[in-house]
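J.: Protein chains in written order, with this note's numbering: chain F, 1 to 300; chain E, 1 to 607.
If you are wondering where the hints come from, they were derived from the structure by calculation, not from laboratory data. We put the CB at the ideal spot given by N, CA and C, even for glycine. Treat the hints loosely; a few may be bogus.
Said to hold, decoys possible - Below 25 angstroms or equal to it, Euclidean Cα-Cα: the simulated SDA-like pairs (lysine to any residue) are:
#1 K390(E) <-> H357(E)
#2 K89(E) <-> K237(E)
#3 K237(E) <-> D136(F)
#4 K30(F) <-> K237(E)
Said to hold, decoys possible - Covered by chain F, per the in silico footprint, the following chain E stretches (three or more residues, Cβ under 8 angstroms):
#5 105–117
#6 369–382
#7 387–400
#8 456–467
#9 480–494
Chain by chain, the residues:
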Amino acid sequence: METLELNRTHLDHLEAQSVHILREAYREFKSLVMLWSIGKDSTVLLWLARKAFFGHVPLPLLHIDTGFKVPEMITYRDSLTREFHLNMVVGQNAKALLAKETFPDGKLNRIQCCKSLKSEALKHTLSGEWPRLRFDHKLGRYVQDENPEAYTGVIVGVRADEEGSRSKERYFSPRDVESEWDVSDQPPELWNQYKTDFAPGTHVRIHPLLDWTEVDIWEYIERESIPMISLYFDQGTGKRYRSLGCFPCTKPVDSTSKNVQEIIQELKSGKFSSIAERSGRDQDKEDGGGLETLRRDGYM
Amino acid sequence: MLKQIDPDTSLEQMNIVVVGHVDHGKSTLIGRLMADTNSLPTGKLEQVKATCERNAKPFEYAFLLDALKDEQAQGITIDTARCFFNSAKRRYVIIDAPGHIEFLKNMITGAARAEAAFIVIDAAEGIQENSKRHGYMVSMLGISQVCVLVNKMDLKQYDEQTFNSIRAEYTEFLTRLNVYPTSFIPISAKEGINVTSLSSAMPWYQGLTVLGQMDAFNKIDARSNVAFRFPVQDIYKFTEEGDDRRIFAGTVETGRINVGDDVIFLPSAKRSTVKSIENFNAPVSHSALDGQATGFTLTTQVYIRPGEMMAKTSESQPCSGTRFRVNLFWLGRASMIQGKKYKLKLGSARTTATLVHVINVLDASDLTSEQNKQQVDRNEVAECILETSKPVAFDVVGDNPFTGRFVIIDNYDIAGAGIILEQIVGEESTLKIHVQKREIEWQRSDITQQQRIAAYGHDSKFVVFAGNEDDSTKEALAAGLELRLLSRGFKVYFLPTANLIKGLDVDLAHQTEIKEEQIRRLGELARILTDSGQIFITSISNVDGYDLRTLELLNKPNEIVVVNVGENRFDDYAVSLSLNVSDDIEEGITKVCDLLKEKKVIFDYSI
């Protein structure tokens with residue numbers, strides 16, 4: 001019995017805190033959704049939901065498909081959807097894609113493109129104004145979702161250590177009617193009590209991973225043997241993705257890490273220990289406060 | 001190379017908050033700590049120094065922190081509110097709490113995460129308003145390890161007398177708060193004196209350095225040596241893939257429990273035994289410890305709602321009540337006022353609370369108190385009496401600080417937080433006083449109840465179909481009873497609760513805690529309709545014995561008949577009749593009619 005106490009690690013604390021937050025969200029928000037970007041953080045979040053709900057995932061997952069995601073991401077998404085019996089919902093800015101109003105089509109710069117294909121798509125999918133596709137497990141394909149109800153609680157896998165603007169987040173962070181975030185006037189959080197009450201028309205973003213670092217994420221993936229998309233690993237080309245996004249704006253990094261242990265090693269003592277995680281993301285560099293600007297407008 | 005994020009997870013982690021009056025040197029101290037422990041990115045110190053030189057500005061260590069904050073916007077991993085660094089012993093998260101009163105809620109958010117606190121006091125300026133207010137907040141937040149840093153000793157020529165007099169004065173202040181600092185350290189953050197190494201500038205001081213004190217703080221195990229407390233966050237039954245577990249989920253607040261332990265849930269006082277400890281993708285476990293987010297199955301079916309507290313029958317048990325004396329601080333823009341209904345969150349419990357009485361409002365900076373205030377204004381601390389509309393389980397803060405604290409929601413935000421000092425028993429509840437007062441002031445009709453009985457041929461009654469499953473059976477029974485009584489010429493009315501939600505209660509639709517107010521309105525409505533001589537029927541779900549007692553009280557002096565439908569889970573309320581879901585509806589209605597006859601609501605000859 002004593003070993004139980006000795007074995008409690010940093011990861012155990014993080015896990016317990018995230019699970020507590022997920023259960024709190026599930027209890028308090030009638031219309032709750034979890035964003036799943038297919039990346040490592042939100043996949044850890046998905047795993048933590050299975051922890052919180054004892055193997056089940058009793059809430060919908062939402063993926064915003066920009067149409068420019070690396071194709072493996074979509075394959076991986078749908079295979080995990082089947083395996084975990086996920087209630088998978090997909091939204092996108094179909095209009096912009098049809099009109100080719102995008103950065104890859106040369107009509108927008110990177111920031112504008114992110115705003116249109118991600119922020120706008122997310123905002124209108126959350127509100128229910130734009131169509132949602134839901135995976136039908138019987139038919140084995142996506143069908144139009146009948147539920148137009150706005151999601152009032154949105155679980156997001158952001159971490160405080162990722163980037164400046166994210167370190168200012170709360171675990172439960174309100175967004176107003178326009179999905180805007182008032183960084184300077186955030187509600188207090190203490191004693192495991194969070195903002196779970198919200199005015200009509202507003203919603204709350206919930207951040208169970210706020211205290212996790214990139215290394216925590218990988219160490220947890222290793223400990224729990226969480227299935228990860230192969231793009232994170234070198235497949236023999238000497239390159240791998242450190243952060244996943246759209247293929248026109250996300251470049252793989254030079255690395256020969258072939259598995260989780262090698263990634264952890266590389267992050268701890270190798271060349272990545274002093275290089276920011278999102279360094280392969282071009283939209284962050286476009287203007288000074290790129291991501292904070294996007295986030296105030298509702299980017300995740 | 002960013003050593004401050006060196007992710008050595010084998011080291012234990014400790015969160016430390018740095019608080020104090022504005023400009024007393026918090027940022028300088030943190031900058032100095034980072035620099036002197038080589039926790040800064042390579043070249044950062046030189047770069048900031050060079051920038052200062054170019055701008056003909058004297059270098060300050062506080063600039064380092066600002067420079068690190070600026071860098072964040074460009075994607076390097078340093079936190080505005082949180083800086084990370086490692087000593088040989090631990091990995092530290094240093095929380096930089098704002099010293100400005102306007103940011104008190106941010107200071108509280110930061111400090112609430114801390115295990116230890118440094119309070120920084122300027123040796124030249126001495127103890128200021130926020131030195132004291134922050135000291136008070138640290139004590140209320142339950143941070144037991146506090147070290148006071150008397151900074152800017154260089155401005156006072158490292159004078160021992162200055163240090164001693166601040167120490168004496170501030171010790172006296174903290175003692176009144178029951179805060180006993182582990183140490184006072186005279187420092188100069190700017191000159192790096194006594195930060196990471198002792199200096200000859202103050203040969204009279206031979207205690208710990210700031211860094212030494214950090215490593216000397218203990219990982220306090222305050223949660224494991226107290227009685228087991230498990231606020232039930234939720235009760236899950238996910239039936240997908242044949243899962244039939246009914247799991248009581250939550251986070252163990254304090255103590256430990258083993259499979260086979262007998263448990264009690266409060267406030268309902270229901271009992272059972274732990275059958276299993278449930279976790280996903282983890283080895284089977286026979287015990288659960290404080291801090292674990294876990295789940296239990298029980299050997300017997302126990303019907304409770306989230307918000308109850310599970311405790312072990314073999315240990316001291318939490319209090320359960322509706323009235324307590326508290327200390328609270330108020331952060332809301334609108335003052336906390338008497339009579340208004342607030343939401344209170346304590347552990348996993350949520351209920352409505354009112355401010356009954358303000359004992360005194362304390363000026364947190366000089367601990368003087370004002371006796372005759374009726375309200376609590378922003379940034380004030382008050383000792384007062386709160387009353388909840390339903391009982392909650394808690395401990396007084398002296399017994400268990402983790403289950404003796406609560407927050408108050410006003411206008412959708414956490415607007416206040418407090419600790420429970422004492423349970424108050426034996427006083428009449430506000431509701432009871434309300435009903436007594438209402439009945440004294442009730443304007444009575446010239447028509448007596450006897451006249452109505454004579455005219456209608458029956459007495460009035462409030463008939464409630466309750467039970468926690470199968471709404472359709474309850475509604476069918478209620479509607480059938482209405483029809484049968486009406487067909488015999490009785491004055492009867494069935495109100496489905498859905499009509500209340502769409503009408504009288506429509507303003508409650510956006511509130512999360514609507515149940516208690518709905519119950520109150522239904523009870524008041526029943527008082528009116530029974531007064532009119534009618535038989536008033538309704539059917540409600542998800543109520544407990546306490547809700548039924550509230551309805552009974554509100555309907556007084558008239559009477560209530562509660563018919564349970566389905567498995568009777570009201571073990572703390574004696575229902576008048578219990579019907580099975582499988583029973584024939586018409587037979588059920590006959591049983592209710594028989595009961596009404598027995599209670600002399602309706603009379604034999606008229607059926």
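J.: Now tell me if each hint is right for this structure.
T.: Now for the hints, and whether the structure bears them out:
Simply put, K390(E) and H357(E) have alpha-carbon atoms about 18 angstroms apart, close enough for the 25 angstroms limit, and the pair holds. Taking the CA atoms of K89(E) and K237(E), the gap is near 44 angstroms; set against the 25 angstroms cutoff, the hint is violated. With a C-alpha separation of about 23 angstroms, the suggested pair K237(E) and D136(F) falls inside the 25 angstroms cut-off, and the hint holds. Proximity of K30(F) to K237(E) is assessed by CA-CA distance (about 17 angstroms); at most 25 angstroms being required, the pair is judged to hold.
Beta-carbon proximity to chain F at under 8 angstroms applies to 5 residues in the segment 105–117 of chain E; the threshold of 3 is reached and the given coverage holds. Counting residues of the segment 369–382 of chain E whose CB lies closer than 8 angstroms to any CB of chain F gives 0, so the stated coverage by that chain is violated, three being the minimum. Counting residues of the segment 387–400 of chain E whose CB falls under 8 angstroms from any CB of chain F gives 0; the rule of at least 3 is not met. Given a C-beta distance limit of less than 8 angstroms, the hint that chain F covers the segment 456–467 of chain E is violated, as 0 residues qualify and 3 are needed.
Counting residues of the segment 480–494 of chain E whose CB lies closer than 8 angstroms to any CB of chain F gives 0, so the stated coverage by that chain is violated, three being the minimum.
The earlier numbered hints that this structure contradicts are 2, 6, 7, 8, 9.
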